[in-house]
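Chemist: Here is what each chain is made of, one letter per residue.
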Amino acid sequence: MTTATFRIWRGTGNEGSWEEYPVEISEGMVVLDAIHAIQTEHANDLAVRWNCKAGKCGSCSAEINGNPRLMCMTRMETIDTSQPVTVEPLRAFPRVRDLVTDVSVNFRMKKSVTPFTPRKPDAADGTWRMKQEDVDRVQEFRKCIECFLCQDVCHVLRDHHKHDEFIGPRHFVYNAALEMHPLDVADRTSDLKKRDGIGYCNITKCCTAVCPEHIKITDNAIIPLKERVVDEFYDPLTRLFRIFMPKKQEPAATPEEIGKVIDG
Amino acid sequence: MTVSEVALPQQRKFGVTERRDNWWFKPLLVFLGFSAFIVYSTWAAFQGVNYFYGGLEQGGADYLSPFYSPLLWGEARAHPWIGVGTPSFWPEFLPFTPALLILWAPGGFRFTCYYYRGAYYKSFWMDPVNCSVGEPRKGYRGEQKLPLIMQNVHRYFLYLALAFIGILLFDAIKGFIFMNKDGTHSFGVGIGSIVMLLNAFFLSMYTCGCHSFRHMVGGRKDCGSCSGPCGSAYKAVSCLNGKHMMWAWISLFWVGFTDFYIRMCAAGHITDWRIF
Numbered sequence: 000m001t002t003a004t005f006r007i008w009r010g011t012g013n014e015g016s017w018e019e020y021p022v023e024i025s026e027g028m029v030v031l032d033a034i035h036a037i038q039t040e041h042a043n044d045l046a047v048r049w050n051c052k053a054g055k056c057g058s059c060s061a062e063i064n065g066n067p068r069l070m071c072m073t074r075m076e077t078i079d080t081s082q083p084v085t086v087e088p089l090r091a092f093p094r095v096r097d098l099v100t101d102v103s104v105n106f107r108m109k110k111s112v113t114p115f116t117p118r119k120p121d122a123a124d125g126t127w128r129m130k131q132e133d134v135d136r137v138q139e140f141r142k143c144i145e146c147f148l149c150q151d152v153c154h155v156l157r158d159h160h161k162h163d164e165f166i167g168p169r170h171f172v173y174n175a176a177l178e179m180h181p182l183d184v185a186d187r188t189s190d191l192k193k194r195d196g197i198g199y200c201n202i203t204k205c206c207t208a209v210c211p212e213h214i215k216i217t218d219n220a221i222i223p224l225k226e227r228v229v230d231e232f233y234d235p236l237t238r239l240f241r242i243f244m245p246k247k248q249e250p251a252a253t254p255e256e257i258g259k260v261i262d263g
Numbered sequence: 000m001t002v003s004e005v006a007l008p009q010q011r012k013f014g015v016t017e018r019r020d021n022w023w024f025k026p027l028l029v030f031l032g033f034s035a036f037i038v039y040s041t042w043a044a045f046q047g048v049n050y051f052y053g054g055l056e057q058g059g060a061d062y063l064s065p066f067y068s069p070l071l072w073g074e075a076r077a078h079p080w081i082g083v084g085t086p087s088f089w090p091e092f093l094p095f096t097p098a099l100l101i102l103w104a105p106g107g108f109r110f111t112c113y114y115y116r117g118a119y120y121k122s123f124w125m126d127p128v129n130c131s132v133g134e135p136r137k138g139y140r141g142e143q144k145l146p147l148i149m150q151n152v153h154r155y156f157l158y159l160a161l162a163f164i165g166i167l168l169f170d171a172i173k174g175f176i177f178m179n180k181d182g183t184h185s186f187g188v189g190i191g192s193i194v195m196l197l198n199a200f201f202l203s204m205y206t207c208g209c210h211s212f213r214h215m216v217g218g219r220k221d222c223g224s225c226s227g228p229c230g231s232a233y234k235a236v237s238c239l240n241g242k243h244m245m246w247a248w249i250s251l252f253w254v255g256f257t258d259f260y261i262r263m264c265a266a267g268h269i270t271d272w273r274i275f
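Protein sequence lines correspond, in order, to chains D and L. For the first sequence, the residue numbers in numbering that gives the first Met the number 0 are 0 to 263. For the second sequence, the residue numbers in numbering that gives the first Met the number 0 are 0 to 275.
Hints are computed from structural coordinates only; laboratory data are not their basis. A hint or two may mislead.
Claimed, not checked - Cross-link-like lysine-lysine pairs, in silico, DSSO-like; alpha carbons within 30 Å at most:
#	chain 1	residue 1	chain 2	residue 2
1	D	193	L	25
2	L	242	D	192
3	L	180	D	192
4	L	180	D	246
5	D	215	L	25
6	D	119	D	142
7	D	215	L	144
8	L	173	D	215
9	D	161	D	246
10	D	52	D	130
11	D	142	L	12
12	D	161	D	130
13	L	137	D	142
14	D	109	L	137
15	D	193	L	220
16	D	161	D	110
17	L	25	D	110
18	L	234	D	215
19	L	137	D	246
20	D	110	L	242
21	L	234	D	161
22	D	55	D	119
23	L	180	D	215
24	L	12	D	110
25	D	130	D	109
26	L	25	D	130
27	D	192	D	52
28	L	12	D	246
29	L	220	L	25
30	D	109	L	25
31	L	173	D	192
32	D	161	L	173
33	D	247	L	25
34	L	242	D	130
35	D	192	L	144
36	D	247	L	137
37	L	234	D	142
38	L	220	D	192
39	D	193	L	144
40	D	119	L	242
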């Protein structure tokens, strides 16, 4: 059993300071266990958001030694405890108290994205047919647990605070899941360029590096979406080509047609 | 999008971070690697000599430096495509070498490549210097506005790069044609032939793993199985794309080395060894 010193950001809003706490480290411990030990032994008013402790709810996001991580998935044996272990709240969102931040801006960003708009059903019973290989591509994006670590590490939000003009990596993943879905017929490229600010991404791949679900955010979501924006707005050849061979605009299913599936 | 009543944490100053690892090491390595290539390629482009090893005249094979291929204007013995010497439109006050006519195309392809963009924004522009490390500037325009919005021209450089691959492959094949003592030609393999073939191969792996190429061959379609060969091509390009950074570095190093090898042979510093 060894003792590690934890240096934790304590405070309300942006007012606060670093506080140090000793924690006994045992085999198999994760950072969230250490935070709970601090709550139990030293500071029972320490605010921390957590839920599943299995890396699936995305609640316990924080910056551990400067790296955005899930506290429940960061094992203590991977951390150098010869120096104090720093734990601070996410920096891309307003701080509420201690390690808790207000991530509600993400929910508003998500609401602004055009929702799933399926084509008309393939069968009379209101169902569709898709091949597994076509679903596989978007399946990667559905692994997202909305921990917002990618939003936190993205310097456009973190350092430049462009929350008004840029929806961030998480919501590009969400856009990609919809835009590349084989059934979806909505066109989000105009929104991606104008409202969602995809051009602000300068492909540093920090979002990919921190994703606990190992989604290749930059390569598989953001860059393909950037290419679709180029098709639509910056490529005169593609536009010329479209004059002669226009994109097929499939009609979307009506709520009644989709309702057949839901109602059974 | 209103964030909250509570203000966001202040932007950290340049280089300020809680990270404990050597976060500066990788950007520094990239900076040194790119700088070395830029210095060498600029020097080689302005040389204007020793870019062609006329091996056929000496019982060997002809090798043309990739920095000078396609040779539009140049030495007569290197069989330029258009003319010998300096083109008439070239301003007299500017130094001329054949590389200056063509290097903008592969240079532009690399400059606008998605991998290189991310790498040099970090290493040269420090925007950011590394993930969750403070930046030197407060303002930010990204690629949303001028001038970096021009990076969207990448796919046009891709079209040129694909043509260059064909030309370099043709040069590499010519590197396997050797002159016999009786004046006839036959198949042969020299160190230079292998160097040039590998150059074309590495550049193909890099170019065909390009994100724009991936989009072009099938990524733009939502239904891969409905797209026939596009679906298979997308899968193949995706495999290469997964290692795009690796191929970017290998091909960058090897194209420089190919020029260096041919330059050394042409200057007579080393003799091209015929293996077969």
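Chemist: Hint by hint, note whether the structure agrees.
Modeler: Structure-based check of each hint:
For the hint pairing residue 193/D with residue 25/L, the CA-to-CA distance comes to about 34 Å; that exceeds 30 Å, so the pair is violated. A distance of roughly 28 Å separates the Cα atoms of residue 242/L and residue 192/D; the hinted pair therefore holds under the 30 Å criterion. The straight-line distance between the Cα atoms of residue 180/L and residue 192/D is roughly 64 Å, outside the 30 Å bound, and the hint therefore fails. At most 30 Å may separate the alpha-carbon atoms for a hinted pair to count; residue 180/L and residue 246/D exceed this at roughly 62 Å.
For the given pair, residue 215/D sits about 20 Å from residue 25/L by alpha-carbon distance, which is consistent with the 30 Å threshold. Restraint check for residue 119/D and residue 142/D: the C-alpha separation of about 26 Å stays at or below 30 Å, so the hint holds. With a C-alpha separation of about 25 Å, the suggested pair residue 215/D and residue 144/L falls inside the 30 Å cut-off, and the hint holds. Straight-line distance between C-alpha atoms of residue 173/L and residue 215/D comes to about 41 Å, which puts the hinted pair past the 30 Å bound.
Using a Cα cut-off of 30 Å, the hinted pair residue 161/D and residue 246/D is violated, with the two alpha carbons roughly 33 Å apart. Of the supplied pair hints, the one linking residue 52/D and residue 130/D is violated, its CA atoms being roughly 35 Å apart against a limit of 30 Å. Proposed proximity of residue 142/D and residue 12/L is contradicted: the alpha carbons are some 34 Å apart, above 30 Å. Simply put, residue 161/D and residue 130/D have alpha-carbon atoms about 39 Å apart, too far for the 30 Å limit, and the pair is violated.
Restraint check for residue 137/L and residue 142/D: the C-alpha separation of about 34 Å exceeds 30 Å, so the hint is violated. Straight-line distance between C-alpha atoms of residue 109/D and residue 137/L comes to about 27 Å, which keeps the hinted pair within the 30 Å bound. A hinted pair counts as satisfied when its Cα atoms are at most 30 Å apart, and residue 193/D with residue 220/L qualifies at roughly 22 Å. For the proposed pair residue 161/D and residue 110/D, the alpha carbon gap of about 18 Å is at most 30 Å, so the pair holds.
Proximity of residue 25/L to residue 110/D is assessed by CA-CA distance (about 38 Å); at most 30 Å being required, the pair is judged violated. This hinted pair checks out: residue 234/L and residue 215/D have alpha carbons roughly 15 Å apart, not beyond 30 Å. Of the supplied pair hints, the one linking residue 137/L and residue 246/D is violated, its CA atoms being roughly 41 Å apart against a limit of 30 Å. In summary, the hint linking residue 110/D to residue 242/L is not supported, as the alpha carbons are separated by about 35 Å, beyond the 30 Å threshold.
Annotation: proposed proximity of residue 234/L to residue 161/D is violated, straight-line Cα distance about 35 Å (limit 30 Å). Restraint check: the Cα-Cα separation between residue 55/D and residue 119/D comes to about 34 Å, which exceeds 30 Å; the hinted pair is violated. Of the supplied pair hints, the one linking residue 180/L and residue 215/D is violated, its CA atoms being roughly 57 Å apart against a limit of 30 Å. For the given pair, residue 12/L sits about 33 Å from residue 110/D by alpha-carbon distance, which is inconsistent with the 30 Å threshold.
At roughly 28 Å between alpha-carbon atoms, residue 130/D and residue 109/D fall within 30 Å of each other, so this suggested pair holds. Distance hint between residue 25/L and residue 130/D is unfulfilled; the C-alpha atoms sit about 42 Å from each other, more than 30 Å. Between residue 192/D and residue 52/D the alpha-carbon distance is near 37 Å, which puts this suggested pair outside the 30 Å criterion. Proximity of residue 12/L to residue 246/D is assessed by CA-CA distance (about 48 Å); at most 30 Å being required, the pair is judged violated.
In summary, the hint linking residue 220/L to residue 25/L is not supported, as the alpha carbons are separated by about 36 Å, beyond the 30 Å threshold. Only pairs whose Cα atoms come within 30 Å are accepted, and residue 109/D paired with residue 25/L is rejected, the gap being roughly 34 Å. Annotation: proposed proximity of residue 173/L to residue 192/D is violated, straight-line Cα distance about 47 Å (limit 30 Å). Of the supplied pair hints, the one linking residue 161/D and residue 173/L is violated, its CA atoms being roughly 54 Å apart against a limit of 30 Å.
Proximity of residue 247/D to residue 25/L is assessed by CA-CA distance (about 46 Å); at most 30 Å being required, the pair is judged violated. Proximity of residue 242/L to residue 130/D is assessed by CA-CA distance (about 27 Å); at most 30 Å being required, the pair is judged to hold. Taken as a hint, the residue 192/D and residue 144/L pair is honoured in the structure, with Cα atoms around 11 Å apart against an allowance of 30 Å. Between residue 247/D and residue 137/L the alpha-carbon distance is near 44 Å, which puts this suggested pair outside the 30 Å criterion.
Straight-line distance between C-alpha atoms of residue 234/L and residue 142/D comes to about 21 Å, which keeps the hinted pair within the 30 Å bound. Between the alpha carbons of residue 220/L and residue 192/D the distance comes to roughly 19 Å, so the proposed pair stays at or under 30 Å and holds. Of the supplied pair hints, the one linking residue 193/D and residue 144/L holds, its CA atoms being roughly 11 Å apart against a limit of 30 Å. For the hint pairing residue 119/D with residue 242/L, the CA-to-CA distance comes to about 39 Å; that exceeds 30 Å, so the pair is violated.
Violated hints for the displayed structure, listed by number in ascending order: 1, 3, 4, 8, 9, 10, 11, 12, 13, 17, 19, 20, 21, 22, 23, 24, 26, 27, 28, 29, 30, 31, 32, 33, 36 and 40.
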